[in-house]
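K.L.:
Converting from the sequence shown to this note's numbering requires adding 75 to each position, the first position being numbered 1.
I should point out that these hints are in silico values taken from the structure, not numbers from a laboratory. The beta carbon of each residue, even a glycine, is placed where N, CA and C say it ideally should be. Check the hints yourself; a few may be wrong.
[To be verified] Each computed SDA-like pair below joins lysine to any residue, with the alpha-carbon atoms no more than 20 Å apart: (1) Lys115 - Cys126; (2) Lys115 - Ile101; (3) Lys115 - Ile102; (4) Lys115 - Ile105.
[As the list claims (entries may be wrong)] Derived CB-CB ranges, DEER-like: (5) Phe108 - Asn85: 33 to 41 Å; (6) Asp116 - Val91: 29 to 37 Å; (7) Arg120 - Ala87: 15 to 23 Å; (8) Ile111 - Ile133: 19 to 27 Å; (9) Phe138 - Asn85: 16 to 24 Å; (10) Phe138 - Ala104: 14 to 22 Å; (11) Pro86 - Gly121: 29 to 37 Å; (12) Val91 - Arg117: 32 to 40 Å; (13) Gly84 - Leu123: 15 to 23 Å; (14) Ile139 - Ala87: 32 to 40 Å; (15) Thr109 - Ala87: 31 to 39 Å.
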Amino acid sequence: MLADVGDLGNPAWRLVVMRAITFGVIINAILFFTAINFEKDRVARGILLSCLPSVAAIILFQFILR
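Put together the whole structure using the sequences plus the hints.
P.N.:
Okay, here's the thing in structure tokens:
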């Protein structure tokens, strides 16, 4: 059990956060390719831009906060 929710040094907390972010990116990828398939370029661009904070968080957790 996590003693403190804000404890970023706890490996269990980092694993939970990384899996949640990864799940969100997978959902956005599915929506992105669906929008491309239906030729909704503006929607696809918006979905792609909404993934940028998630990708930044993945980079932060994987490489910077080691």
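K.L.:
Does each hint hold? Answer for all of them.
P.N.:
Taking the hints in turn, this is what the structure says about them:
1. Lys115 - Cys126: holds (17 Å)
2. Lys115 - Ile101: holds (19 Å)
3. Lys115 - Ile102: holds (17 Å)
4. Lys115 - Ile105: holds (14 Å)
5. Phe108 - Asn85: 33 to 41 Å: holds (35 Å)
6. Asp116 - Val91: 29 to 37 Å: holds (35 Å)
7. Arg120 - Ala87: 15 to 23 Å: violated (36 Å)
8. Ile111 - Ile133: 19 to 27 Å: holds (22 Å)
9. Phe138 - Asn85: 16 to 24 Å: holds (18 Å)
10. Phe138 - Ala104: 14 to 22 Å: holds (21 Å)
11. Pro86 - Gly121: 29 to 37 Å: Check passed, 34 Å falls within 29 to 37 Å.
12. Val91 - Arg117: 32 to 40 Å: Given about 34 Å between the Cβ atoms, the range holds.
13. Gly84 - Leu123: 15 to 23 Å: violated (32 Å)
14. Ile139 - Ala87: 32 to 40 Å: Violated - the Cβ-Cβ distance for Ile139 and Ala87, about 19 Å, lies outside 32 to 40 Å.
15. Thr109 - Ala87: 31 to 39 Å: holds (34 Å)
The structure shown violates the earlier hints numbered 7, 13, 14.
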